[in-house]
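Asker: Chains as they are written, first to last, in this note's numbering: chain A, 24 to 357; chain B, 1059 to 1406.
Careful, some of the hints might be misleading.
To be verified - Only some residues are given here: those of chain B computed to face chain A with a beta carbon under 8 Å: (1) Arg-1078; (2) Gln-1082; (3) Pro-1102; (4) Val-1103; (5) Ala-1105; (6) Trp-1188.
Derived by calculation from the structure, the hints in this document are not laboratory data.
Glycine included, each C-beta is placed from N, C-alpha and C at the ideal position.
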Amino acid sequence: MYLGHQMGNLTEERLQWAAQLGVQHIACEDRRTDSIENEDGTWNVDGLRRVQARCDNWGMKVDVIALNLPSQYMTRQRFPGIMRGLASRDSEIEIIKQNIRATGEAGIACLKYNLNLLGVPRTGRTKGRGGAMYSHFDISKWEDHSLTEAGPVSPEDMWANIEYFLERVVPVAEEARVRLACHPHDPAVPHVGGLRGVHCVLGSVDGMKRFIEIMPSAYHGLNFCQGTVSEMCIDPATEVLEAIRYFGSRGKIFMVHFRNIRGGFLNFDEVYPDEGDVDMFAAVNAYLDSGANAMLCPDHVPHSEVDPHGDKQFSYCLGHTKALLQVAHSLRSR
Amino acid sequence: MGMKIGLGLYPHLLTQENFRYASQVGATHVVAHLPGWSSRGHRPVPADHPWTLDELRELRAAVNEAGLELAAIENFEPHHWSDVLLDGPRKVEQMAGLKTIIRNMGRAGIPVMGYNFSLAGVYGRTTGPWARGGAKSVGYVRDQAPAPDEIPNGTVWNMVVDADAPAGTIGRVSQDQLWSRFRWFLEELIPVAEEAGVRLALHPDDPPLEELRGTARLVWKPELYRRVFDLVPSDCNMAEFCQGTVSEMNGDIDVYQAIEEFTAAGKIAYVHFRNVRGKVPDYHEMFVDDGDVDMVRALRLYHQNGFDGVLIPDHTPGLECAAPWHAGMAYAIGWMRATIALIERNEA
Chain A
24 MYLGHQMGNL TEERLQWAAQ LGVQHIACED RRTDSIENED GTWNVDGLRR VQARCDNWGM
84 KVDVIALNLP SQYMTRQRFP GIMRGLASRD SEIEIIKQNI RATGEAGIAC LKYNLNLLGV
144 PRTGRTKGRG GAMYSHFDIS KWEDHSLTEA GPVSPEDMWA NIEYFLERVV PVAEEARVRL
204 ACHPHDPAVP HVGGLRGVHC VLGSVDGMKR FIEIMPSAYH GLNFCQGTVS EMCIDPATEV
264 LEAIRYFGSR GKIFMVHFRN IRGGFLNFDE VYPDEGDVDM FAAVNAYLDS GANAMLCPDH
324 VPHSEVDPHG DKQFSYCLGH TKALLQVAHS LRSR
Chain B
1059 MGMKIGLGLY PHLLTQENFR YASQVGATHV VAHLPGWSSR GHRPVPADHP WTLDELRELR
1119 AAVNEAGLEL AAIENFEPHH WSDVLLDGPR KVEQMAGLKT IIRNMGRAGI PVMGYNFSLA
1179 GVYGRTTGPW ARGGAKSVGY VRDQAPAPDE IPNGTVWNMV VDADAPAGTI GRVSQDQLWS
1239 RFRWFLEELI PVAEEAGVRL ALHPDDPPLE ELRGTARLVW KPELYRRVFD LVPSDCNMAE
1299 FCQGTVSEMN GDIDVYQAIE EFTAAGKIAY VHFRNVRGKV PDYHEMFVDD GDVDMVRALR
1359 LYHQNGFDGV LIPDHTPGLE CAAPWHAGMA YAIGWMRATI ALIERNEA
């Protein structure tokens, strides 16, 4: 396990900042700076090679790059047909396949993606230490119970769309030797009824277990968002460690969003890594014990008026993770 | 209980905004670095006036309002004690001012006064892109150090305290002279500190050379702290243990032995926790996880020997972003916070 950072803006300054912090692996979410994505959504290999070369100058490797399947609400997706089961999904999937092949040709090992309809619902912010504002979700405060543009989406509907997608893209990923890392649904929503009629099947550990069995392939796996997994649990302190061991030992953890929460299923705050309910050092050891070998990225930090771009807080989180890894590795090498 | 993490703040950074930032990144204490507090318009009084009780109380209240504790003040203004250092005509008058400061600190509930008994101060360092990723850091590089010159009259610690001083230099100051002035300083001030409940904490000499600009330096090898503590035995005679500086030294004991010995003796008031590569006369500051010292081992030694005070990053390389100093501090504090928690849980 090693330190990583997910970056949405790969300017030279940002890369240098990350390199100075000792980051040597990144997940790239920026397809603009190096002109990776064409107007029609296809990717060009030159752009992919360019971003790798620039990162290489700073001693960093692009471990993962993001497909244009973000965690956004369905009407903001470039490829909405995939998860809504629309007629456009076949042509959308063709573009995704092309992206996978281009990624393979450029030699990048992994793609991250979301199969998302609802975006990332939250109900507000909680005031935290130093006046930082923690992203908060409390189902009892959720007020919009209207149906979405997708209408009622039963668990079976969603599984059908997920399977349709995976059956077509995973073989391409295998051939291209590119791992596909899917982010679970954030937050977990009520199992009965879902949220606004949408049942987010990747919002439970059972759902994630079913998901990885859909295609028996070493290239089909998870962007293991530990924060999101914590949000699925009644008792994250225990259950998250079990989940890490389960998915880690099956080789399904392709990258990690290493963040912490206070609370759990249907009621939580996204807090700093040192003050949440999950023991982050125990988590590091669980990853190591399970045989996982992936990057730990901070993912989110609280909203702070004295740190609007998050530089200070991300620096804090990376220092925190670095220390946990340093101690964990040194104990194992004794 | 247990080791606490603080942030050192210069005068222009002693704001609610920065206290909030400190809290957010996990610090619980502030060390107020006060030289310059007068000259930047923060106070409408001349630099050589002792800090008043009201000012100190207000400072502490502002820190407390943000949910933090004020752990220490670091450094007298050079104007407060230039003749104490120089053995000049105003030394008795200035000593009275220092005593007033200490008494005021006691009444304001500020428990530690960090100081550096030095004429040349921190002098001769350069900055360069020496840390990881070309991050800017400070260092002492023999080939780039300024040519030895004597200290001009009216200057102490690179600051002009008397613009009307006659031309010429202060000349050479020997080890005997320096220790004699230091003894006088301690003998005068320690009893007042004891009564006020304020600990005086001596910072070692950075760069740790025997002599700089013709003037002797006090603690330039770790074992010299023993002489400091023996000079005037007192619970208020302590070290401002700059681990960074100590690790730059070539002494009879190494930094780990120094941590062990002085922590066990209860002589460390607070710690400057920073890492370095190299030793004097050629060293460069590094990120906390990237220097010559095994910082996990260092923290373990503080812990095992009962240290439950404050550690601050002191200074770190700057990170390439909109807030280089803040981000550098945040990184160090994140690292410290994780490691201290593990050590105190006996997991590291």
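Asker: Could you run down the list of hints and mark each one as holding or not?
Answerer: Outcome of the hint check:
1. Arg-1078: At 4 Å from the nearest chain A Cβ, Arg-1078 (chain B) passes the 8 Å test, so the hint holds.
2. Gln-1082: 4 Å, holds
3. Pro-1102: 28 Å, violated
4. Val-1103: 30 Å, violated
5. Ala-1105: Nearest chain A Cβ about 30 Å off; hint violated.
6. Trp-1188: 11 Å, violated
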